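I would like the entire structure built from these sequences, with the hints used as guidance.
Numbering-wise, UniProt numbering puts 75 at position 75 of the sequence shown, and it's gapless, one number per residue.
Hint data in this document are derived by calculation from the structure and do not stem from the laboratory.
All of these numbers come straight from a predicted model, not from anything done at the bench.
Even glycine gets a Cβ: it sits at the ideal position worked out from N, Cα and C.
Hints are supplied without guarantee of correctness; some may be wrong.
[Unchecked claim] DEER-style ranges, computed between Cβ atoms: (1) Y48 x Q19: 17 to 27 Å; (2) M67 x L38: 41 to 51 Å; (3) Y70 x V8: 28 to 38 Å; (4) L14 x Q65: 53 to 63 Å; (5) E29 x K4: 29 to 39 Å; (6) K68 x V22: 53 to 63 Å; (7) V8 x V47: 12 to 22 Å; (8) R6 x K60: 32 to 42 Å; (9) S3 x R46: 22 to 32 Å; (10) K13 x L43: 19 to 29 Å.
[To be verified] Straight-line C-alpha distance at most 27 Å; calculated BS3-like pairs for lysine-lysine: (11) K60 x K49; (12) K57 x K68; (13) K27 x K13; (14) K27 x K4.
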Amino acid sequence: MPSKLRSVTIKLKLNMWEQIEVISQKKGETVSDTIRYLIARGLDERVYKENTELIAKIVKEQVEQAMKPYLGNILYEEQNPQRFMKPVDPRKLAICRRRIG
1 MPSKLRSVTI KLKLNMWEQI EVISQKKGET VSDTIRYLIA RGLDERVYKE
51 NTELIAKIVK EQVEQAMKPY LGNILYEEQN PQRFMKPVDP RKLAICRRRI
101 G
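Here it is as structure tokens:
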């Protein structure tokens with residue numbers, strides 16, 4: 001049965017190699033198995049981080065949609081402040097009309 005593993009050659013700094021050897025000895029496995037484990041763990045962490053950002057964005061959108069009925073007026077006022085100005089005094093409005101007309 002052919003192996004599903006592909007042979008790869010890499011060069012490591014001496015201190016990195018020593019750390020990998022120590023880890024493999026503690027786990028009781030080969031250096032190759034340890035390197036495969038560490039690479040897989042690094043890739044999993046990257047995928048986890050990217051998924052976390054996506055999940056956070058989705059949760060934010062869902063919370064905003066759920067809260068919109070309760071905060072609708074408040075959010076609308078913040079986005080459109082000109083729409084909610086104080087009412088104009090009718091006397092001032094009359095003065096403006098006289099000057100224009």
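Right, here's what the structure says about each hint:
1. Distance hint check for Y48 and Q19: the Cβ-Cβ separation is about 23 Å, which falls inside the suggested range of 17 to 27 Å.
2. At roughly 43 Å, the beta-carbon separation of M67 and L38 lies within the given 41 to 51 Å, and the hint holds.
3. Here the CB-CB span from Y70 to V8 is close to 56 Å, at odds with the stated 28 to 38 Å.
4. At roughly 55 Å, the beta-carbon separation of L14 and Q65 lies within the given 53 to 63 Å, and the hint holds.
5. Separation of E29 from K4 is about 18 Å and departs from the stated range, judged on CB atoms against 29 to 39 Å.
6. The given range of 53 to 63 Å is respected by K68 and V22, whose C-beta atoms sit roughly 55 Å from each other.
7. Between V8 and V47 the Cβ separation comes to about 21 Å, which falls inside the hinted range of 12 to 22 Å.
8. Checked against the given bound of 32 to 42 Å, the beta carbons of R6 and K60, roughly 41 Å apart, stay inside it.
9. One distance hint, 22 to 32 Å for the beta-carbon pair S3 and R46, holds here, with the actual separation near 26 Å.
10. In this structure the hint that K13 and L43 lie 19 to 29 Å apart at CB holds, the actual value being about 21 Å.
11. For the hint pairing K60 with K49, the CA-to-CA distance comes to about 17 Å; that is within 27 Å, so the pair holds.
12. This hinted pair checks out: K57 and K68 have alpha carbons roughly 16 Å apart, not beyond 27 Å.
13. Between the alpha carbons of K27 and K13 the distance comes to roughly 21 Å, so the proposed pair stays at or under 27 Å and holds.
14. In summary, the hint linking K27 to K4 is supported, as the alpha carbons are separated by about 23 Å, within the 27 Å threshold.
Of the numbered hints given earlier, the model fails hints 3 and 5; all others are met.
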